[in-house]
Amino acid sequence: MAWVIAKWLGAAALLTGAAGIGFEFARKYRKRPLDLRELMAALRMLRNDISYGRLPLPDSLAEIAAHFPQHSGTRHVFAMTAHRLNAAGTEAGEAFVDALRQNSECWSLHEEDLNALRQFSHTMGATSAELQAAAITALLGELSDREREAVAERDRFEKVYRTAGVLIGMLLVVMLW
Amino acid sequence: MSLELHVLFQIAIIGIATAVLASLLKQSGRDEIATLVTITALVLVATVVVTNINHLFTEIRAVFFSQ
Chain S
1 MAWVIAKWLG AAALLTGAAG IGFEFARKYR KRPLDLRELM AALRMLRNDI SYGRLPLPDS
61 LAEIAAHFPQ HSGTRHVFAM TAHRLNAAGT EAGEAFVDAL RQNSECWSLH EEDLNALRQF
121 SHTMGATSAE LQAAAITALL GELSDREREA VAERDRFEKV YRTAGVLIGM LLVVMLW
Chain R
178 MSLELHVLFQ IAIIGIATAV LASLLKQSGR DEIATLVTIT ALVLVATVVV TNINHLFTEI
238 RAVFFSQ
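Keeping their order, the protein sequence lines are chains S and R. When we follow this note's numbering, the leftmost residue of the first sequence carries the number 1, and every step to the right adds one. When we follow this note's numbering, the leftmost residue of the second sequence carries the number 178, and every step to the right adds one.
Worth double-checking, as some hints may not be accurate.
[Unchecked claim] Calculated pairs, SDA-like style, for lysine to any residue (alpha carbon to alpha carbon, straight line, at most 25 Å): (1) LYS31(S) with THR127(S); (2) LYS31(S) with GLU130(S); (3) LYS31(S) with LYS203(R); (4) LYS7(S) with ILE210(R); (5) LYS7(S) with LYS203(R); (6) LYS28(S) with VAL225(R); (7) LYS203(R) with VAL97(S).
[Stated by the list, open to error] Going by beta-carbon spacing under 10 Å, a handful of chain S positions derived as facing chain R: (8) ALA92; (9) VAL160; (10) MET170; (11) VAL174.
[As the list claims (entries may be wrong)] The calculated label-pair distances, taken between Cβ atoms and stated as ranges, are: (12) GLU181(R) with ALA12(S): 25 to 35 Å; (13) GLY17(S) with SER243(R): 41 to 51 Å; (14) VAL240(R) with ARG27(S): 48 to 58 Å; (15) LEU185(R) with ALA152(S): 34 to 44 Å; (16) ILE210(R) with ARG44(S): 30 to 40 Å; (17) ASN231(R) with HIS110(S): 15 to 25 Å; (18) SER200(R) with LEU9(S): 30 to 40 Å; (19) ARG148(S) with GLN204(R): 13 to 23 Å; (20) ASP155(S) with ALA196(R): 17 to 27 Å; (21) LEU114(S) with GLY206(R): 23 to 33 Å; (22) GLY192(R) with ARG148(S): 32 to 42 Å; (23) ILE216(R) with LEU9(S): 14 to 24 Å; (24) LYS31(S) with VAL222(R): 29 to 39 Å.
Hints are computed from structural coordinates only; laboratory data are not their basis. Each residue gets a CB set at the ideal place from its N, CA and C atoms; glycine is no exception.
Sequences and hints are given; from them, build the entire structure.
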C-alpha cells in the first residue's frame, strides 16, 4: 500500500516539476514584450521631462519609477538610478548602467536589449536636452522593433514550451512506472 | 495479462505525446527538433518492444529447452 502511494506521489512530483520548468520557460517569452513596453513607456516619459526641462534628472527618474508596479524591472532600474544620483557625485550614465547590471534578474530582457540601453546611457545627463531627447527617440525606435520581434517569438514558442513541459513529464512518468 | 495491458498503454501514451509535441514543434518552425523528437520516441518504443520480445523468447526457451 505504502509503495503504491509513494509511486503516485513520485509521479505527481515528476509531472509537476516538468510542467513547472515548461511554464517557467514560457513565462520568459511572455514577459519580454511586456517588459519592453513598460520600458518604452518610461523612456517616453523621460523624454518629455527632459525636453521640457520640467524636473532635475533624479527627481524625474524617481517620479517615473513610481508609475510602475512594485515587481516591475523598469521601476527598480529607474528608482535605483535616481537613488544613486541623489546619494553621491555619480554620473547619470554610470548610475544607469550600474542599476541595469544589478537588476538584470528583475526582467526578461535579452542581452542585446540591455546593450542598446547601455549605449544610450552615454548620452544620459551628459549632453544637451535636444541631443538626449533625440537619443531617446532613436532608442525607442530600436526597442519598438525588438518588441515586435519579441511578440512574434512569444506567439511561436510560448505554447510549445508550456505543452512540452507537461508532455515530457507525462512521458517520464509513463516510462518509469 | 496485466503486464501486456501496461505495455500497450505505455506505447500508446508515448505515441500520443510524441504526435502532439512534434506537431507543435512543426507549427513553431522547429522542424529539425520535431524530427528528432519523433526519432527518439521511435527508439524508445523499439526499446520497450525489444525488451518484451526478449522476455518472450526467454520464456519460450525456459518452457521448451529447459534441459
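Hint check results:
1. LYS31(S) with THR127(S): Answer violated: LYS31(S) to THR127(S) is near 33 Å, above 25 Å.
2. LYS31(S) with GLU130(S): Violated: LYS31(S) and GLU130(S) sit about 32 Å apart, past 25 Å.
3. LYS31(S) with LYS203(R): Answer holds: LYS31(S) to LYS203(R) is near 24 Å, not above 25 Å.
4. LYS7(S) with ILE210(R): violated (31 Å)
5. LYS7(S) with LYS203(R): Cα-Cα ~34 Å, so violated.
6. LYS28(S) with VAL225(R): Violated. LYS28(S) to VAL225(R) sits at ~36 Å, over the 25 Å cutoff.
7. LYS203(R) with VAL97(S): violated (40 Å)
8. ALA92: violated (41 Å)
9. VAL160: OK, holds: VAL160(S) within 10 Å of chain R, min 5 Å.
10. MET170: holds (6 Å)
11. VAL174: holds (5 Å)
12. GLU181(R) with ALA12(S): 25 to 35 Å: At 26 Å between Cβs, range holds.
13. GLY17(S) with SER243(R): 41 to 51 Å: holds (46 Å)
14. VAL240(R) with ARG27(S): 48 to 58 Å: holds (56 Å)
15. LEU185(R) with ALA152(S): 34 to 44 Å: holds (42 Å)
16. ILE210(R) with ARG44(S): 30 to 40 Å: At roughly 39 Å between Cβ atoms, ARG44(S) and ILE210(R) fall inside 30 to 40 Å, so the hint holds.
17. ASN231(R) with HIS110(S): 15 to 25 Å: Roughly 49 Å apart at Cβ, these two residues miss the hinted range, so it is violated.
18. SER200(R) with LEU9(S): 30 to 40 Å: holds (32 Å)
19. ARG148(S) with GLN204(R): 13 to 23 Å: Because 20 Å falls inside the window, the suggested range holds.
20. ASP155(S) with ALA196(R): 17 to 27 Å: With a Cβ separation near 22 Å, ASP155(S) and ALA196(R) satisfy 17 to 27 Å, so the hint holds.
21. LEU114(S) with GLY206(R): 23 to 33 Å: holds (26 Å)
22. GLY192(R) with ARG148(S): 32 to 42 Å: Holds: the Cβ-Cβ distance is about 38 Å, inside 32 to 42 Å.
23. ILE216(R) with LEU9(S): 14 to 24 Å: Roughly 33 Å apart at Cβ, these two residues miss the hinted range, so it is violated.
24. LYS31(S) with VAL222(R): 29 to 39 Å: holds (37 Å)
Violation of the numbered hints given earlier is confined to hints 1, 2, 4, 5, 6, 7, 8, 17 and 23; the remaining hints are satisfied by the structure.
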